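Can you build the whole structure from these sequences, using the hints too?
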Amino acid sequence: MGMYPEIDDKLLSLEEAVGRFIKNGSQIAIGGFTVTRNPMALAYEIVRQGIKDIHLVCHSHGQALDILIGAGCVSRLEIAYGGNGRYAPTCIRFKKAIQRGEIQFEDYSNYQMSLRFFAGSLGIPFIPTKSGLGSDLIDIEGFLPEIRKEEKVASKKYVVTQNPFNGEDDKVLLLPALNPDVAIMHAQYVGEDGTVRIKGLTFADMEQAKSADVVIVTCEEIVPRSFIRLDPDQNSLPPFFVDAIVKVPYGAHPTAVYTYYDYDPKHLNLYKKVAEDDKAFKVYLDEWVYGVRSHQEYLEKVGNTALFQIKANPILGYAVGLDRK
Amino acid sequence: MGMYPEIDDKLLSLEEAVGRFIKNGSQIAIGGFTVTRNPMALAYEIVRQGIKDIHLVCHSHGQALDILIGAGCVSRLEIAYGGNGRYAPTCIRFKKAIQRGEIQFEDYSNYQMSLRFFAGSLGIPFIPTKSGLGSDLIDIEGFLPEIRKEEKVASKKYVVTQNPFNGEDDKVLLLPALNPDVAIMHAQYVGEDGTVRIKGLTFADMEQAKSADVVIVTCEEIVPRSFIRLDPDQNSLPPFFVDAIVKVPYGAHPTAVYTYYDYDPKHLNLYKKVAEDDKAFKVYLDEWVYGVRSHQEYLEKVGNTALFQIKANPILGYAVGLDRK
Amino acid sequence: MAAYTDNEMMALAAGRFIRNGDIVFAGTGVSMLAATAAKRIYAPKAVVFFETGGIDPSLEEIPMAVADPRIMYGTCLNSGLIEAFSIVGHRKLHTIAFLGAAQVDKYGNLNTTVIGDYHKPKTRFSGSGGACDVASLASGVITFMQHQKRRFVEKLDYLTSVGWYKGGDSRRRLGLPRGGALAVVTNLGVMKFHETTREMYLAEYYPGITVDKIVENTGFLVDTSRAVEAAPPTPEELRILREEVDPQKLIL
Amino acid sequence: MAAYTDNEMMALAAGRFIRNGDIVFAGTGVSMLAATAAKRIYAPKAVVFFETGGIDPSLEEIPMAVADPRIMYGTCLNSGLIEAFSIVGHRKLHTIAFLGAAQVDKYGNLNTTVIGDYHKPKTRFSGSGGACDVASLASGVITFMQHQKRRFVEKLDYLTSVGWYKGGDSRRRLGLPRGGALAVVTNLGVMKFHETTREMYLAEYYPGITVDKIVENTGFLVDTSRAVEAAPPTPEELRILREEVDPQKLIL
Chain A
1 MGMYPEIDDK LLSLEEAVGR FIKNGSQIAI GGFTVTRNPM ALAYEIVRQG
51 IKDIHLVCHS HGQALDILIG AGCVSRLEIA YGGNGRYAPT CIRFKKAIQR
101 GEIQFEDYSN YQMSLRFFAG SLGIPFIPTK SGLGSDLIDI EGFLPEIRKE
151 EKVASKKYVV TQNPFNGEDD KVLLLPALNP DVAIMHAQYV GEDGTVRIKG
201 LTFADMEQAK SADVVIVTCE EIVPRSFIRL DPDQNSLPPF FVDAIVKVPY
251 GAHPTAVYTY YDYDPKHLNL YKKVAEDDKA FKVYLDEWVY GVRSHQEYLE
301 KVGNTALFQI KANPILGYAV GLDRK
Chain B
326 MGMYPEIDDK LLSLEEAVGR FIKNGSQIAI GGFTVTRNPM ALAYEIVRQG
376 IKDIHLVCHS HGQALDILIG AGCVSRLEIA YGGNGRYAPT CIRFKKAIQR
426 GEIQFEDYSN YQMSLRFFAG SLGIPFIPTK SGLGSDLIDI EGFLPEIRKE
476 EKVASKKYVV TQNPFNGEDD KVLLLPALNP DVAIMHAQYV GEDGTVRIKG
526 LTFADMEQAK SADVVIVTCE EIVPRSFIRL DPDQNSLPPF FVDAIVKVPY
576 GAHPTAVYTY YDYDPKHLNL YKKVAEDDKA FKVYLDEWVY GVRSHQEYLE
626 KVGNTALFQI KANPILGYAV GLDRK
Chain C
651 MAAYTDNEMM ALAAGRFIRN GDIVFAGTGV SMLAATAAKR IYAPKAVVFF
701 ETGGIDPSLE EIPMAVADPR IMYGTCLNSG LIEAFSIVGH RKLHTIAFLG
751 AAQVDKYGNL NTTVIGDYHK PKTRFSGSGG ACDVASLASG VITFMQHQKR
801 RFVEKLDYLT SVGWYKGGDS RRRLGLPRGG ALAVVTNLGV MKFHETTREM
851 YLAEYYPGIT VDKIVENTGF LVDTSRAVEA APPTPEELRI LREEVDPQKL
901 IL
Chain D
903 MAAYTDNEMM ALAAGRFIRN GDIVFAGTGV SMLAATAAKR IYAPKAVVFF
953 ETGGIDPSLE EIPMAVADPR IMYGTCLNSG LIEAFSIVGH RKLHTIAFLG
1003 AAQVDKYGNL NTTVIGDYHK PKTRFSGSGG ACDVASLASG VITFMQHQKR
1053 RFVEKLDYLT SVGWYKGGDS RRRLGLPRGG ALAVVTNLGV MKFHETTREM
1103 YLAEYYPGIT VDKIVENTGF LVDTSRAVEA APPTPEELRI LREEVDPQKL
1153 IL
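As they're listed, the protein sequences go chains A, B, C and D.
Position one of the first sequence corresponds to residue 1 (our numbering), numbered consecutively onward.
Position one of the second sequence corresponds to residue 326 (our numbering), numbered consecutively onward.
Position one of the third sequence corresponds to residue 651 (our numbering), numbered consecutively onward.
Position one of the fourth sequence corresponds to residue 903 (our numbering), numbered consecutively onward.
I should point out that these hints are in silico values taken from the structure, not numbers from a laboratory.
Heads up, a few of these hints could be off.
Per label pair, the in silico range of CB-to-CB distance [said to hold, decoys possible]:
#1 C:Gly671 with A:Asp170: 21 to 27 Å
#2 B:Arg473 with C:Arg876: 16 to 22 Å
#3 B:Lys598 with C:Pro882: 35 to 41 Å
#4 A:Asp53 with C:Asp819: 34 to 40 Å
#5 B:Asp494 with A:Lys279: 53 to 59 Å
#6 C:Ala653 with A:Ile315: 55 to 61 Å
#7 A:Arg20 with C:Gly671: 16 to 22 Å
#8 C:Glu845 with B:Ile640: 44 to 50 Å
#9 B:Lys636 with A:Thr305: 49 to 55 Å
#10 D:Glu962 with A:Ser155: 46 to 52 Å
#11 C:Pro897 with B:Asn638: 25 to 31 Å
#12 B:Pro470 with C:Thr773: 39 to 45 Å
#13 D:Asp1019 with C:Asp819: 45 to 51 Å
#14 A:Gly25 with C:Thr773: 56 to 62 Å
Since the structure is predicted, the reported quantities are computational estimates derived from the model, not experimental observations.
Every residue gets a Cβ at the ideal spot worked out from N, C-alpha and C, and that includes glycine.
If you want it as structure tokens, here you go:
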């Protein structure tokens, strides 16, 4: 029994968490949004373990998405947006992979993807929306018909139907639910009872976690039960949805964790440069992912100076005056 | 301009809020749940103003529901549950009104009603669920066909349909959305910027507020902008959904407000006794509702001793050791 | 005379169904008692939660309603109704619900709405609340009943909450792939349901209660061939119930 | 040469559409600038919010992405994506969205997905993100574009976000009862849409820009009969943009 008897059976290392729960072909939802709270330590570990043929299901994603695609781990993608703010208006390895025909992909919107996860979390097979009527998101399918027969893939991209509750000609779109094999996410806090607390925006992390078969949470800190239970209004996810917990400080670097650290402009600019060039990108992966044995070793490469620069003001939540160019 | 320039145009008295926004025939959703956070001051004011023919849309309600029905304000009801915990396993005036055929009513379940408000808040005409298949909630309609033609009433109680996303014989229930005319609720805090914060369980208050045309919030305190905006993760409703704000300390008495006060067992036992008898109930209304000009006057009748007894421990949220028999 | 009350025996008989890891949906009254007892006695790693959204509260004092502020303190999460019901139905979780009812039929379907005609009732009850929802969605339902002929009926006046529907695989064919009635715990014994026909049978009669008495008080035929006497409460079980679960005797 | 940049003129031209009480949906880049400028200059009682869920942040520093931690501080609420999009489409609210796009057609439909064939694209962009959603649901959309023939096209390579669809009341007939394209703000002028045909027309050309130049840079015929010269930025508008909105010149 370890330091935290209540979650002893869930506390794993990165290697164990990925090794136990992520397989070739897994359908995975990633927590966070573009430059914030990407579960980077998990993404790096997935790359290191050489997982292949991942089916990613995403709303708007940035760094974790691009690393996983760039390292060749992804063969299939349902996505609303691949971008990293100013550092990559379109994610670079994502863009290249699609332009080169290296992955199968299908477009949805952010709201649609969020609602699909929500439907999955409720155990209902579909959910209606008005969003997307008339767009090519509906009219153009990305996946081939044979893929649609697979268990975790919707049998149709959308269904357009009449509202049965009034006489008018009122149309709605039905979105198929998503139930990914695994949801991976990074949180500020996990209580020693296994309760998860995210500060700041939660995006669709909760819907993703509750829709998935398995949930892996990395966190900045594991905090006492007495702390996490003192104001449960602030908590995000009850323990029974979580299958693996890994304590990984700076586990979202180079993306931001509100109240802990900002995104790292230097690293994102470095990434932007190398990602444009296949060879340079390979060298980057060798150096920053394959070449380190742990996230701790990765952070030593990032260096204290950079980590100090991005340290967030705990109230404002970001690094005041950080040079973000 | 008053003390709170940001919400000056929304700060009303109870009389003004009810007089301006609640009409004969209004469809109303009530915040809270059985013995907690019922907007009692608003309910009493609705009774005092003699509003008639209210169409209530509820999940599980207790004291406010029973007062409004008992005072003859309600002619139509969609409801999942009328009860007040130990003090009335079935709400007494609610029970009598239905047994005597005094109101039109239709039964749904808690989840169904919550989902109907949620659908209304999303602007979608219906939402699917598995809950209720095979039950008489579906098979027996309460409302007559002519009512179903009205604008705020669903044209059908439910629709049972096939899931279009797989080949199997998989059925789902479609629930019609709700968009009440008015949602009334009681919160612990409203910021001087108009932001609402509820501590403890929110039930379906947020879904109700976001589904309604008009939202009236009573609160225990109006707190500084600097306080309510310091940790916005804890807030419940943005200012732009709120149409009227009334500061009414103890505005939920005799029901509980977590961290402020407990439910009042003495008053609820008194109510239980009088509600069983038509004459005694009339005397109760005369004394406690019609006979007082304001909630302040009502609280003076309740008395300091009773209010001290139910004072909540601010951390535990309830009155420790309160005699609840 | 037994040194324990009906409510005590019922709370313990129901609590014995709970296993570590179960998510236990509790209502008011005996159901609250049974859930709390289960966690304190049989399954410390079970999670007690309420349809109102209070998940795993510390329950320093026993709540008297599912919206009691006592279920908001010390929880792991204070959620909303939609989230709470999504937990009840979540395919990853084994959720057991404790319900009460006014009528039950031989397939474990429940009525908590009305006696008599729906539109012009003889007696109106509180209504479904979350009962219909958990009966539709949970992994299993355990119902508390007073064992009387007028409550164990051939045909419900109103079917609020689906148990095994019309027996056999009729529940699954409704579109409800999991769940169903697990047991009915009464003041006389414990009723269970046949594995394929889904008809109610007598599983346990309490010490001092005869099989005949149960048959007499049941409004339809029940198989009694598998009936055994239930284990009486142990002194330790009673001590926990009385001293820790409900020392104020608000429900006991 | 004008004493202001294209981005400055565009941010201000778009900001002028905003009224007190509007809920302004902002994206990244110029859109962020325009929303912030609108609130600081034209409509202090407008609310700026982001699809990620940050509502009315204090914006002490300008965010560089809609998930920037700078949009989580000082908000009235940090919500989730579903709540944010439900605000965009809420019938009680007048919501104006600022979007960018790679292509626009004469009905204000937008492409932010792909140039070339969808499956084998010449250039792949980020995709819809929330653009399709706000175009479907908001009260009105204002789009920022570089005014070039290859961007103002007869036919989009991919219709990501619906504007007036095929003109007339075709948008309403799709099942989208409100909203539509309000304006396209470019580096040359401001385009609006005809009240009934919903075809794009030239409403304003910036000081120093000719109508002919705009016609030349538009890939379809536009009505220029209602065109007037836009008011140039005032010194005070420019001061606020430069000193208060983006002093670090991250976007300007």
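Do the hints match the structure? See the list:
Checking the proposed 21 to 27 Å range against C:Gly671 and A:Asp170 shows it is violated: the Cβ atoms sit about 45 Å from each other. Roughly 49 Å separates the CB atoms of B:Arg473 and C:Arg876, a value that falls outside the hinted 16 to 22 Å. At roughly 38 Å, the beta-carbon separation of B:Lys598 and C:Pro882 lies within the given 35 to 41 Å, and the hint holds. In this structure the supplied range 34 to 40 Å holds for A:Asp53 paired with C:Asp819, their Cβ-Cβ distance being about 37 Å.
In this structure the hint that B:Asp494 and A:Lys279 lie 53 to 59 Å apart at CB holds, the actual value being about 55 Å. For C:Ala653 and A:Ile315, the Cβ-Cβ distance of about 60 Å falls inside the hinted range of 55 to 61 Å, so the restraint holds. Evaluation of the 16 to 22 Å hint for A:Arg20 and C:Gly671 yields a pass: the beta carbon distance comes to about 19 Å. Between C:Glu845 and B:Ile640 the beta carbon distance is about 49 Å. The supplied range of 44 to 50 Å therefore holds.
At roughly 53 Å, the beta carbons of B:Lys636 and A:Thr305 sit within the given window of 49 to 55 Å. A hinted range of 46 to 52 Å holds for the C-beta pair D:Glu962 and A:Ser155, which are about 48 Å apart. At roughly 18 Å, the beta carbons of C:Pro897 and B:Asn638 sit outside the given window of 25 to 31 Å. For the pair B:Pro470 and C:Thr773, the beta carbons lie near 27 Å from each other, so the given range of 39 to 45 Å is not met.
Between D:Asp1019 and C:Asp819 the beta carbon distance is about 49 Å. The supplied range of 45 to 51 Å therefore holds. At roughly 58 Å, the beta-carbon separation of A:Gly25 and C:Thr773 lies within the given 56 to 62 Å, and the hint holds.
Checked against the numbered hints given earlier, the structure breaks hints 1, 2, 11 and 12 and satisfies all the rest.
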